[in-house]
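Going down the list, the sequences are from chains A, B and C.
For the first sequence, the positions run 1 to 191 when my numbering is used.
For the second sequence, the positions run 1 to 197 when my numbering is used.
For the third sequence, the positions run 1 to 246 when my numbering is used.
Don't read these hints as lab results, they were simulated from the structure.
If you're wondering where the values come from, they're calculated on a predicted model, not measured in any experiment.
For each residue, glycine too, the CB sits at the ideal point set by N, CA and C.
Errors might be hidden in some of the hints.
[Claimed, not checked] If you want a taste of the chain C side facing chain B, the calculated C-beta under 8 Å gives, among others:
{"no.": "1", "residue": "F90"}
{"no.": "2", "residue": "Q96"}
{"no.": "3", "residue": "P100"}
{"no.": "4", "residue": "L108"}
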Amino acid sequence: MTSSRSSGLAYVSLFAALVAVFGLIPKIDLPLGVPITLQTLGVMLAGCMLGPKKALQALLLFLAALALGLPLLSGGRGGLGVFVAPASGYLIGFPIGALATGLLMAYLPVSSPRRAAVSAFVASAVGGVLTIHICGVIGLVALAKLSWTQALWGTLVFVPGDLIKCVLCAIVVHSVARGLPDWRFGGRAFR
Amino acid sequence: MGSFYSDHRTWLHAVSASLKLILLAIFGTALFVFDNTVVLLACTALCLLFFASLGRATLPARKLLTMVVAAGLLITAFHAYMQQPLLGLVSALRLLSASLLGIALMLTTRANDLLDVLESWLSPLNRFGIRSNALALQLALMLRFTEHFFIQWKRLDDAHRVRTGKSGGFKLLAPLTIRMLTSAQRVADALDLRLPP
Amino acid sequence: MSDAMSPLAPCPIHMDQVRLVRGTTTVFDGLTLRLNESRIGLIGDNGAGKSSLFRLICGLDKPASGSVSVWGQDAQSRTAERAGRVGMMFQNPDDQIIFPTVEEELALSLSPNGLPRKVNCQQAREVLTARGLGHWAERAIGSLSQGQRQHVCWLALMIASPRSVLLDEPFSSLDLPGRTMLDVEILKASQQVIVSTHLLDHVRGFERVIWLDKGQVRADGNGASVCAAYEADVAARCQSQHLNID
Chain A
1 MTSSRSSGLA YVSLFAALVA VFGLIPKIDL PLGVPITLQT LGVMLAGCML
51 GPKKALQALL LFLAALALGL PLLSGGRGGL GVFVAPASGY LIGFPIGALA
101 TGLLMAYLPV SSPRRAAVSA FVASAVGGVL TIHICGVIGL VALAKLSWTQ
151 ALWGTLVFVP GDLIKCVLCA IVVHSVARGL PDWRFGGRAF R
Chain B
1 MGSFYSDHRT WLHAVSASLK LILLAIFGTA LFVFDNTVVL LACTALCLLF
51 FASLGRATLP ARKLLTMVVA AGLLITAFHA YMQQPLLGLV SALRLLSASL
101 LGIALMLTTR ANDLLDVLES WLSPLNRFGI RSNALALQLA LMLRFTEHFF
151 IQWKRLDDAH RVRTGKSGGF KLLAPLTIRM LTSAQRVADA LDLRLPP
Chain C
1 MSDAMSPLAP CPIHMDQVRL VRGTTTVFDG LTLRLNESRI GLIGDNGAGK
51 SSLFRLICGL DKPASGSVSV WGQDAQSRTA ERAGRVGMMF QNPDDQIIFP
101 TVEEELALSL SPNGLPRKVN CQQAREVLTA RGLGHWAERA IGSLSQGQRQ
151 HVCWLALMIA SPRSVLLDEP FSSLDLPGRT MLDVEILKAS QQVIVSTHLL
201 DHVRGFERVI WLDKGQVRAD GNGASVCAAY EADVAARCQS QHLNID
């Protein structure tokens with residue numbers, strides 16, 4: 001059999017690339033550099049498709065590439081500077097969000113395309129949106145020295161958009177479940 | 001890899017990649033230790049001088065730098081509005097300094113050299129079963145897949161256009177994902193035959 | 001079973017009573033083949049099992065029963081020397097090439113030796129120079145033509161010095177000059193080369209060609225005769241389909 005090591009390598013790199021692709025598609029940034037991007041969709045998909053461990057690896061790989069200077073954060077940003085920007089809380093939230101989404105997806109039901117899609121929505125809402133926003137708020141308070149209330153209100157603006165991304169994630173998961181019936185979500189393929 | 005490497009040789013090109021990385025790490029951390037506005041202003045001025053000394057080599061990064069400056073100005077304006085102007089200034093200065101240093105590194109160091117340094121730093125981890133040369137492989141794979149996403153997206157979009165007269169947009173995301181997943185499996189197969197066990 | 005090889009000499013490729021199941025389909029059942037010749041062609045319709053056969057030999061697929069051995073070792077064994085026993089070139093070079101520059105791509109094939117990347121890159125450069133391609137070392141893969149990329153795949157395959165080389169439809173994405181150059185490379189190669197292809201002219205001159213049909217060996221022998229038999233069969237099938245439609 002193709003060794004699980006090679007498969008793991010390829011899939012981890014694939015989803016790191018997906019997050020990068022979403023960052024390379026032109027998108028808008030608001031004040032403080034808080035992104036309105038599709039990148040969080042990439043994080044959600046990584047979690048749902050790969051499960052906790054591999055999704056975490058994928059996002060860590062993405063951050064490593066970013067640290068090396070590649071302009072993969074939406075808006076063409078890259079380099080070590082993005083880790084000290086006020087919005088870096090959200091960035092650190094990426095791997096944590098992927099882990100959370102993956103953990104949820106690993107335990108939620110995925111036996112039919114419909115169930116998988118619903119689970120994907122739940123997993124990405126809690127793991128993707130909630131987790132990343134919590135990290136982002138912490139970052140804003142710590143780095144941009146906003147008060148907790150200011151940061152919370154600031155972040156809530158993006159939640160509706162992020163929930164739409166959760167729906168998109170569910171749709172993609174649904175299609176993959178139908179197009180690749182052998183694909184096992186939430187990292188079950190890698191156990 | 002490394003779209004920001006500048007071919008105009010500067011004094012910084014000759015400095016070894018590992019030294020540059022270490023210094024960047026030290027200065028980057030120092031930026032966060034100091035809260036004093038005056039100190040940070042001085043740091044930023046130093047960084048600007050340092051950056052300017054690279055001369056023509058900074059050309060590829062002009063656009064990036066503009067975005068960083070814009071972000072800094074927005075931060076300052078936002079904090080001024082919130083009546084915390086000094087805080088805003090401190091944040092903006094940190095962002096600017098760190099970015100200048102990071103960009104200077106990118107402009108003067110080959111991606112390959114950076115990877116070699118990272119691999120040798122990570123090599124002690126080989127004892128714990130973590131492979132240090134896997135990093136270069138994973139990064140290369142990631143970039144390859146990134147390129148391929150766009151190629152495949154274009155192909156699917158062209159096919160869609162030919163049949164419906166319109167661009168596919170987000171409807172193509174699901175078929176694209178499926179394609180890339182099958183492609184990843186083929187890549188894994190080819191890789192499996194060449195890697196050590 | 002009598003054959004010219006002494007029982008102690010490692011047989012290049014030996015498949016014994018192999019049964020391969022994929023999903024719900026039985027791909028092979030009771031397949032037995034000894035592949036000793038230095039140039040072997042593999043032909044047949046799509047879905048006949050040509051790629052599956054290659055995957056079995058490389059160890060990418062595991063038989064449900066029976067054994068596959070390559071140069072004396074089980075095909076599934078994952079020793080560091082596996083790359084030295086068998087290598088495979090896939091149909092599309094873009095599925096295979098990973099690194100952005102030629103020397104890094106070749107260096108990857110050397111990685112089983114456990115040496116640092118820099119050392120392997122240096123060796124790759126030497127190999128390229130020895131073939132008169134020193135100027136390719138730092139070239140970006142993206143700047144190479146399809147035929148040149150296929151050649152990089154070939155070099156990446158050869159640099160690991162495998163004793164057997166499997167080529168899965170290598171000609172299909174190449175233009176005429178590309179195909180001609182690959183023919184020359186195959187002629188020059190000193191290892192065992194097995195080529196699966198739809199372009200029969202490239203294997204007509206081989207000493208042995210195997211025609212696979214739905215997982216069974218339909219014909220096995222001299223290149224010219226097997227190719228002719230396959231062509232005749234295809235013509236007959238198309239003729240009868242044509243008559244049925246009328």
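Verification of the hints:
1. F90: holds (6 Å)
2. Q96: holds (4 Å)
3. P100: Because about 6 Å separates P100(C) from the closest Cβ in chain B, which is inside the 8 Å limit, the hint holds.
4. L108: holds (6 Å)
Comparing the model with each numbered hint stated earlier shows that all of them hold.
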